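Enquirer: Once you have looked at the hints, place chains B, W and R on chain X.
Chain residues, written in single-letter form:
4 protein chains.
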Amino acid sequence: MDQSGVKITLAEFAEISDQRLPFAALMGLQLEQICPDHVLMRAVYRDEFLRPGGTIAGPVMMGLADAAMYALVLSRVGPVELAVTTSLNINFLRKPAPGDVLARATGLKFGKRLVIGEISLYSESSPDDLVAHATATYSIPPTS
Amino acid sequence: MDQSGVKITLAEFAEISDQRLPFAALMGLQLEQICPDHVLMRAVYRDEFLRPGGTIAGPVMMGLADAAMYALVLSRVGPVELAVTTSLNINFLRKPAPGDVLARATGLKFGKRLVIGEISLYSESSPDDLVAHATATYSIPPTS
Amino acid sequence: MDQSGVKITLAEFAEISDQRLPFAALMGLQLEQICPDHVLMRAVYRDEFLRPGGTIAGPVMMGLADAAMYALVLSRVGPVELAVTTSLNINFLRKPAPGDVLARATGLKFGKRLVIGEISLYSESSPDDLVAHATATYSIPPTS
Amino acid sequence: MDQSGVKITLAEFAEISDQRLPFAALMGLQLEQICPDHVLMRAVYRDEFLRPGGTIAGPVMMGLADAAMYALVLSRVGPVELAVTTSLNINFLRKPAPGDVLARATGLKFGKRLVIGEISLYSESSPDDLVAHATATYSIPPTS
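As you go down the protein sequences, you meet chains X, B, W and R in turn.
First residue of the first sequence? That's 1 in the numbering used here, and the numbers climb one at a time after it.
First residue of the second sequence? That's 1 in the numbering used here, and the numbers climb one at a time after it.
First residue of the third sequence? That's 1 in the numbering used here, and the numbers climb one at a time after it.
First residue of the fourth sequence? That's 1 in the numbering used here, and the numbers climb one at a time after it.
Bear in mind the hints are in silico, worked out from the structure with no lab data behind them.
There's no promise every hint is true.
Chain copies aren't distinguished; within one or between two, either way the pair holds.
To be verified - Pairs of lysine-lysine, DSS-like flavour, derived with a Cα cap of 30 Å:
| # | residue 1 | residue 2 |
| --- | --- | --- |
| 1 | 112 | 7 |
| 2 | 7 | 95 |
| 3 | 112 | 95 |
No experiment lies behind these values; they were computed from the predicted model shown.
Next up, chain X with everything else stripped away, as it sits in the complex:
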């Protein structure tokens, strides 16, 4: 652990994601930043993301939000792969136009058993207008 409190590198997360989270590749998810107070994850646009109306489907945003939160948790507690989502709440705010979507996850509480965070999603082309906002809780398994 360095002084910043960050306990995982981008490369370490990519390795977990590549080998153990095949769903992330299906959804074009890429972790871009791990900072002491947030992580930033990108869903690289594919035409398969579209839904009627020509905007990006909700499940893409939910998967992106959940994966960003997973990266945030691992960045703070270390590579505890078995950390799992216990709940997620999302509000869809604007319909995202075709293009990459970014998710910025920040912590609301880092407890021993539960980590609670907030995830802001936006289109790369319009970073000031959130397309969705989520909160999620992860459960940290007891250390053996």
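Expert: Just chains B, W and R, lined up with the frame of chain X:
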């Protein structure tokens, strides 16, 4: 509309899904039942669904829940493709073993502007133990 | 503990509520039933519950839902007063007319650390039409 | 409407609250600030707020969050008293010690039909540590 109040057939939903929701195919989603009081949707298992621990990833369950709710909405208001999720809340209850996951969506309120429903998710092998439970709100666009 | 798995009586809950939850008295909350699969709690109507439009205010329903869930938790884990809500999600479905509101709480998962449940709220005069639906998670403190 | 976009004054909100929201008085709620980008509401401490463990009960925080959101909505759409909560999600983060609790509500989306906002709750004695975080959706009735 038939007397049961069901306003869309399985074939009509499949056509919308096939042509307009490519994400559903990525996730192996198949609508199985449209009944007056519920719809039943299946996520056909693929190895890409797995996450660390050998269980099915949360985003699969969220996508399945959202798609089941979309089918419920269309079954009641007709093929209003532009109906969109405004919010979704999910609690993950048990870690689903590899295998198909089913989602049963029922309505809590069918309003003119908002439809609110409840979605129960379970593994086909263990229908009595919910693996997740969600509620979701869809917004119905004004008829022009 | 009797064979049904119920670990607290109505009288025991009333004692905790009377002595340790003054807010419950402010809101006219009364636990009516503790059954193996659910509890039923009532908010006895007071004019102070009204909001503009002449219907019952949301905070009354949220407080009732949370208290019903607390009773459900204690009925299953015993009088662990320090069990606390970690999250609550509520959808308001219909505007309740003046009158008592009832909340029926059932469990979705009883884990060692977390209990997740579902709460259905309805007016006594119209038990078939839910006025609100909530899900909530309680955290159980480790036994010392 | 002044140039800031604020459509209601503290005095106007207090009048609605005093005359039409008796529950707010029960809970000691006072609106302190209406700003273009947020509102701030206070729950003035009373011993009745306590729960087992000597901390402030969840229903107080939920009522405070909901009322702050109501004030935010009215500050932006004007005195539309019939605006109602359609959903609220809250995560409890830390147990608030006895004392006033403050809620800061900000908007995530101001639509014609729905307003979605975020509410941060903290103890006056420790403004940097959130005790709870909520999101809520209000429905705005059609103008007649």
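Enquirer: Hint by hint, note whether the structure agrees.
Expert: Okay, the hints, checked on the actual structure:
no. : hint        : verdict
1   : 112 with 7  : both (15 Å within a copy, 28 Å between copies)
2   : 7 with 95   : between (35 Å within a copy, 26 Å between copies)
3   : 112 with 95 : between (36 Å within a copy, 15 Å between copies)
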